[in-house]
Structures are given as structure tokens and as C-alpha cells.
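J.: Bring the two chains, given one by one in their own frames, into a single complex with the hints.
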Amino acid sequence: MGDSQYSFSLTTFSPSGKLVQIEHALTAVGSGQTSLGIKASNGVVIATEKKLPSILVDETSVQKIQALTPNIGVVYSGMGPDFRVLVRKSRKQAQQYYRLYKEHIPVTQLVRETAAVMQEFTQSGGVRPFGVSLLIAGYDDNGPQLYQVDPSGSYFSWKASAMGKNVSNAKTFLEKRYTEDMELDDAIHTAILTLKEGYEGQISSNNIEIGVIRSDREFRVLSPAEIKDFLEEVE
Amino acid sequence: MTGSMDLPTKGGFNFDLCKRNANLEMKGLKLPGFLKTGTTIVGLVFQDGVVLGADTRATEGPIVADKNCEKIHFMAPNIYCCGAGTAADTEAVTDMVSSQLQLHRYATGRESRVVTALTLLKSHLFKYQGHVSAALVLGGVDCTGPHLHTVYPHGSTDTLPFATMGSGSLAAMSVFESQYKEGLTREEGIQLVTAAIRGGIFNDLGSGSNVDVCVITKGKTEYLRNHELPNPRTYVSSKGYSFTKGQTEVLYTKITLLKQKVEVTEGGDAMEE
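Chains as they are written, first to last, in the working numbering: chain L, 1 to 235; chain E, 1 to 273.
None of these hints come from the bench; they were simulated from the model.
Treat the hints with caution; some may be incorrect.
As the list claims (entries may be wrong) - Between beta-carbon pairs, the in silico distance windows are:
id, chain 1, residue 1, chain 2, residue 2, range
1, L, Lys176, E, Met96, 34 to 40 Å
2, E, Asp95, L, Asp58, 34 to 40 Å
3, E, Ala270, L, Thr108, 51 to 57 Å
4, L, Asn42, E, Glu272, 38 to 44 Å
5, E, Thr185, L, Lys50, 44 to 50 Å
6, L, Ser9, E, Thr144, 52 to 58 Å
7, E, Lys67, L, Gly80, 53 to 59 Å
8, E, Pro232, L, Asp185, 34 to 40 Å
9, E, Asn226, L, Leu100, 25 to 31 Å
10, L, Ala225, E, Thr144, 26 to 32 Å
11, E, Leu224, L, Asn42, 30 to 36 Å
Ideal Cβ positions, reconstructed from N, Cα and C, are used throughout, including at glycine.
Okay, chain E solo, but in the shape it has when bound (with noise of 0.2 Å):
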């Protein structure tokens, strides 16, 4: 009989290149990393206009590095952005192309429209290479009608009526899937907005605390920042906590005298006015 045992083949993990990888890794090849974008944003169009929401935990590798950041950019009084990736890449882009439209409003003499945003970033993201990491979802309402996109870092866009960007968007879309439909009022729009970012915050490791949620309409712009707090400190005593002297052990002790290096001589003339 020849030809090795048959196992019947097991689900799950194959675990069979990971020695060879120890091996590598032990040898100092360098093990490819990855990039998470550690965020939920989403928007969607309702009857009178959109709702953009997003979390607000921003991370750095596995830490949280601000647990209340503001992840929704203002661009124009009708128009704002949500971003995703590289924090400072999303801050200097809006920015910049907020800036941009204030003087493209002044030069015109008119309201800034949802789309001369679009081109402004897609124009600056595709010049860039995608180097510029900035995943964004813009929504507004100008002269023409409520309007939504979503931009990613090289440069190419999408006109969606609901759509989710971020490490948590996939847990999002799920919720924007199975209840998004059109004519949605402002409060189920919220509603249902808040829900995606709820399902980010709970399922994503990149994405948690709070929920921000911005609403345009014709003419006013609401933005709720901390819409929802799912995630509240629970448990804060109200006596403090106090350490007795004692409870640490004190293993070794060393005391240095720092050199005087200040002479203090009494008298002396006064200084000037």
C-alpha cells in the first residue's frame, strides 16, 4: 500500500505554515503589517436632506488614544464630512478644501454645492496616490438637492443614498441594509443612523464611545455632538480612593542630594521699572 493517511480534513485555522513563520520571523524577516482604521462613519438621505454620524474613539495601534474625538469636519455652513484613517490626513484635508470653498463663495457670491466639495478632495486625494490616507463620507444639501458621497484615499468617489466607511463599516452596513428605506423621516433617520454606529461601536475594536450625529436640511444644520452616550464610566466612587502608607512595600531606598545651584543674597539694588 502506498500514499500517506487520508485525515479528513478539520474547519477552522490550518495552523501548518505557522512554524515555518516563527522560523522566518526568528531569521529577521519582517512580518508585513496592517493598517486598521479604527473608525464607524456613516450618512444616509432622508426626505428633507442627510444625517452623517460617526464614533469617537480615534486609536493608536491598540490604544485609545482620544476617547471623545470629533470625527465629523465642518467644510461649509451646508456641508460637512465625515473622516476615516490617518487622523491628521482627514483634519489638514477638510481644512484645506473648506478653505477653498469659503473663497470659491466669496469670488461667486453664492452657496457652496455638495459636488465643487467632491472635486476639490478627489482632485487633491488622486494627486497624492492615496499617500494622503483619508477615507471620507460628505453630505449637504445646497441649490440642487440633498446630496451624499463617499471619497477614498486614491481619489475615487461614489453617490450613494446610504453608504459606511471605517474598520466598522461593514457592521454598520449590516444595519443600513436590512432597515434603510427611502422617505425616511428625521427622526427615523437618526434613528437608524445611530443604530450603525451603535453596531460599529459594539462589534469594532477600532471604533467605540460615543455617537455624534450631524442633520442638514434646507437652509439649518444641527450638529449633535454626543448624541449618545452608550458608554458611560459606570462606577466612580465618591470618597476617592485612598492609599494608606504601608499597603506598598518598600523594597530599597536611595536618596541624592541635588547640588545647590541658586545663591540667594539678602540686599542688593532693586531692578528697574
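Chain L extracted, bound-state conformation (with noise of 0.2 Å):
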């Protein structure tokens, strides 16, 4: 294939004119494991499986979903390390917003810097693009978000997603279960089923993680007892 001699170096051009590292970066994504946002109409919702290498692994140690300011929540799929970067930085650039306009961060401006920082990275000597796709979930004044951002820097407003191994089975089931109003609730037990769908295994307040947001703006990440009893209302 033509394009193979292109695949290496980030910043030149495939004929086909595509950028081959942004497309194995975006096949790094597709293996990860699966997560999912869903925007009713009085908050967001999104969701994560925990899969852990081994039983002996604490699971307490890990947390998949973040906060990135008291009402913006973020949630991924993919390296988990190049994650705990970009949470980093875009932590510290909504700091900056705060400092600057004294006004906490809109949805839509974070999301627009996060993803800057992921284009510089396709178009910089010597990095790689990040292995991710970020799902953000927020509240401001404009209601309820959520926001897809990939690798190569584009975001996409969306009102369900999903992202990951289980990504086109776990769009089949979003767009079929979807509706306009739904209310928060509802969309955490389809959030759930989802996940379900796709789990191979048994599903446990263990080995998912949820996090909502609500009219309230304040991102929560769900803790195991609650998760828990979600979980058996969806049974």
C-alpha cells in the first residue's frame, strides 16, 4: 500500500492525503475499552467499563472518570496515561479562564482548548498524537453538553456516543433507545444497558464507573453503593 511509507512520520502527508499516525492513534482508541456519554434533558451522564488487568489489582486505586472544574466531567477511551495528561492541562487552562475573566469555564471554550492542545500535537516535531478520545460532559449556562473530542483535534457535539471496543454495536443500541426528553435517570439506566450489551462478563458496581451531572452543575463521580442501586432498578 502506498501509504505505508507515510505511516511513520506524523507530519507529512499520505497521497490519499490522510495523516497515517492520527489513524492508528484512532485504532488505539477503538481498543480501548468501551465508554459512553448520554445528554438528557436535565443533565449528562457518562460511563465507563473497569475492566483491571488482574483480581489482584485495587480497584480503588483506579478512576477512570475525572472532573476537570465543579461542573465539567471528562471520561475516555483508550491510554489511559496520555489521559492523565490532557486532564492535567486542561485543569490548569480553565484555572487560567477563571483567573483571567473571573468566571468559571463554558462547555464548549474548554473543549475548544483541549482539543488545541491534541492538534499541536499532530503537527509538532517530535511528539506523537494522544492515544485518546475524550467524551466531556458539562453544564453552564447553555444547558446540558456533551462533547466528543479525538486524537487528530476535531470535536463533535453530540447527544449520545459511545467510544471503544464495543463503539458501533454500542451506537446501534444508543440511536434505537434515544429520545429527545429523556430525563436524567432514564438515561443512566440506558447508559447502563449499554455497557451491558457489550460486557463480556459479569456487570458489577465494581467494574463500571458513571459520573452526572445534574441541573445542580456539579459534576458527581457515582460511588459503588450507588452505582449499585442502579444497577438492580435496571434489573
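T.: Okay, structure coming up:
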């Protein structure tokens, strides 16, 4: 394939007009654990599988869903360490915005700045693209919002989306189940059912993570006990 | 008989050098200025936590620039900081450390500790060798208990059970030294703090207006803005003030016609949407 000669250099276009390294980055995302997000009428929910490499790993030390600001949270599919770096940068950018404008950063602005960072790493020397796609969930004056950001730096606003291993099945499931006026608790149930669809093994409150933001504008990661309650309601 | 007559020493200010100073000033020598911080800020530790207090006057030399400014700054939900000195410096440095504490909270997943804020402040102020003119009273309650510290512009700190800073600090400290004891209740703590601030308000020209109080206990912070208003405007005429024509003597009248710069033409095309 003609492309393969151009696949190692990030900063060189292939004849077909692609940056092959970014394609590879998307493949890395596609082999990561499934994560998804749903925007309801009164909030947003994001969720992910938390499959640990061994039963010996202390699952309380792993937190995949992180808060960026009090009213914005994020989840990923792909490489965990790359996610940590992006979270750190985004949090700093949100603080800088607050220091300058004395107002909390709107969701779209934070998404834009994070995407700009990811794009930088597709056009600089000596670096590689981030091997993660992010789902950013927030609630500000423009209501509940859900954005997906890809390794290339492109971002889209979604009503519901999924990423990772089970993306096509999950998206089909979400398309069937999504309604415009869905309420947040409904959305949480739908999220759990979508995760269950592609889950190899038994889903439980210790091997999934759910993050929620309601109209009170406080992003929270649900505790295992709360997840258990929702799981029981879904059964 | 030799020697000059010995006059009995009089008490009070010795005016001998004043004529010399006046002469020097006439010749062009600039007299050294003095820096007034113009604030009374206090803090004390009581049985359940800390109480911080501040006056609300901001001065620009001899003029009151702000009669009701806020001198108690937010650092973290469980840590507040009173600031004396240059208002811009105290605002900027507390905002900066507050921002750093927020990032630290995200990175560690824990509540901020007072000593963290203290270290961030003192390292910053030391780095600027006293040019950042911020004298702070930092207080808060964290997992290790209630803490109260003072921070000086050059970067030194003290840890105290009760503290005062600013130009009214001596007036406030006299109240604390005579009435502070360990194990005060919340009401006693607030009363003592307001008494100390009132001491500064009435006895120091650089402090005045109202009393702000902040009570921090484990899990709860109450910011009592304008807790006491000991300087209300006593009389405002309800009828308002009217000034009839003729009350002011007109000495001289001059009317200058301004040239017409705008030409208004009727008709023409409307602007497109």
C-alpha cells in the first residue's frame, strides 16, 4: 500500500491525504475499553467499563472518570497515561480562564482548548498524537452538553455517543433508545444497559464507573453503592 | 562664669530640627515618605475552629477610596485569608494561591490544608523580596485541626492562637491581649473579634466603616459580610436637598456655540438588513 511509506512520520501527509499516525491513534482508541455518554434534558451521564488487568489490582486506586471543573467531567477510551496528561492540562487551562475572567469556563471553551492541545501534538516535531478520545460532559448557562474530542483535535457535540471496543453495537443501541426529552435517571439506566450489551462477563458496581451532572451543575462520580442501586433498578 | 545657661528639659516634641528641615526642603531635598497600610485585620482560634475579622476601609493616602471593601479573601472552602497592605497585591496573591490550591485539590483528591496555602504564600512573597506588599492573616480548619498564621511581605510567617495585622493592629491587639483565653465559644470568639476590629476602626485613621467576620469550623464556613455597621449615615434628609436659582451668585457668563458637525439629510436609502 502506498500509504505505508508515510505511516511513520506524523508531520507528512500520505498521497491519499491522510495523516496515517492519526489513523493509528484512532485504532488505539478503538481497541480501548468502551465508554459512552448520554445528554438528557436535565443533565448528562458518562460511563465506562473498568476492566482491570488482574483481580489482584486494587480497584479503588483506579478512577477513569475525572472532574475538570466543578461543573465539567470527562471520560476516555484509549491510553490511560495520555488521558492523565490531558486532564492535567485541561484543569490548568480552566484555572487560567477563571483567573483572567473571574467566571467559570464555559463547556465549549474548555473543549476548544483541549482540542487545540490535541491538535498541537499532530503538527509538532518529536511528539506523537494522544492515543485517547475524550467524552466531555458539562452543565453551564447553555444547559447540559456532551462533546467528543478525537486524537486529531476535532470535536463534535453529541446527544449520545460511544467510543472504544464496542462502539458500533453501542451506537446502534443508543440510536434505538435515545429520546429527545429523556430525563437523567432514564439516561443512566440506558447507559448501564448499553454497557451491559457489550460486556464480557458479569457487570457489577465495581467494574463500571458512572459520572453524572445534574441541573445543580455539580459533576460527581457515583459511588459503588449508588451504582449498585441503579443496577438493581435496571434488573 | 563660662558655659551656656541650662534650660530645664521640657517634655514633648523637640522642634529644634524643624527649621533645618524646612530649609533643606526649600533647597529641593525630598523628605522620606511613610507607608500606611490602613487596615485592621485579626484572627483567633476558638474551641471549634477559627474566627477572622477585618474592617472595610480602603485608603488612598488621606482619602477613603472604598467605604465598604472586602478584605477577607477566599482561598479554599475551608480556608480564608485577610489581607493588609497594597490592595492589588493582596487580591492578586490570594487569587493566585487559591487557584493553585484548586489544582492541587484535583490532583490529590483531598481537602486543602492550611499549611499548603501558607507555604505557597510565603515562597511567593520571599521570591519577590518584599516588593509584593501583602501582609496576611491566614486561617482555616482542615483534617489536622484549626490553624491560624500571619504572613509578612518579606515571606516570614508566625503561627499563633490570636493575631492582628495592619495599621490598626496595635489597637486590636490591646483588646486581644486583655480578653483572649483558650477554649472560647463561637459567640465569645465573634464578640472578641468584633471588639478588636472596632478598636481599630475608632482609634486608627487608616481603618474604618464596617466589621466583616468569617467563622470557619470543621465542615462549615460562614462569611458574615458587614456583621456590624458601627458607622451608619446618621442623617439623610427625606425631602432631598433643593437649590433654588439665585442662591449661587453668578460672577461671569460666557457662551460658546459648538459648530454643527453632523448633517441630517431627509430621504435616502434605508440600510440593508
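J.: Could you run down the list of hints and mark each one as holding or not?
T.: The hints, checked one at a time:
1. Here the CB-CB span from Lys176/L to Met96/E is close to 50 Å, at odds with the stated 34 to 40 Å.
2. In this structure the hint that Asp95/E and Asp58/L lie 34 to 40 Å apart at CB holds, the actual value being about 38 Å.
3. Taking 51 to 57 Å as the suggested C-beta distance range, the pair Ala270/E and Thr108/L does not conform, at roughly 36 Å.
4. Under the hint 38 to 44 Å, the C-beta atoms of Asn42/L and Glu272/E, about 42 Å apart, fit the expected range.
5. Checked against the hint of 44 to 50 Å, the C-beta distance between Thr185/E and Lys50/L comes to roughly 48 Å, which is consistent with it.
6. Between Ser9/L and Thr144/E, the C-beta spacing of about 53 Å keeps the proposed range 52 to 58 Å intact.
7. Taken as a hint, the range 53 to 59 Å holds for the pair Lys67/E and Gly80/L, whose Cβ atoms sit roughly 54 Å apart.
8. For Pro232/E and Asp185/L, the hinted distance range of 34 to 40 Å is not satisfied, since their beta carbons lie about 51 Å from each other.
9. Separated by about 29 Å at the C-beta atoms, Asn226/E and Leu100/L satisfy the suggested range of 25 to 31 Å.
10. One distance hint, 26 to 32 Å for the beta-carbon pair Ala225/L and Thr144/E, holds here, with the actual separation near 28 Å.
11. Between Leu224/E and Asn42/L the beta carbons are some 34 Å apart, a value that agrees with the proposed interval 30 to 36 Å.
In terms of the numbered hints stated before, the structure departs from hints 1, 3 and 8, listed from lowest to highest.
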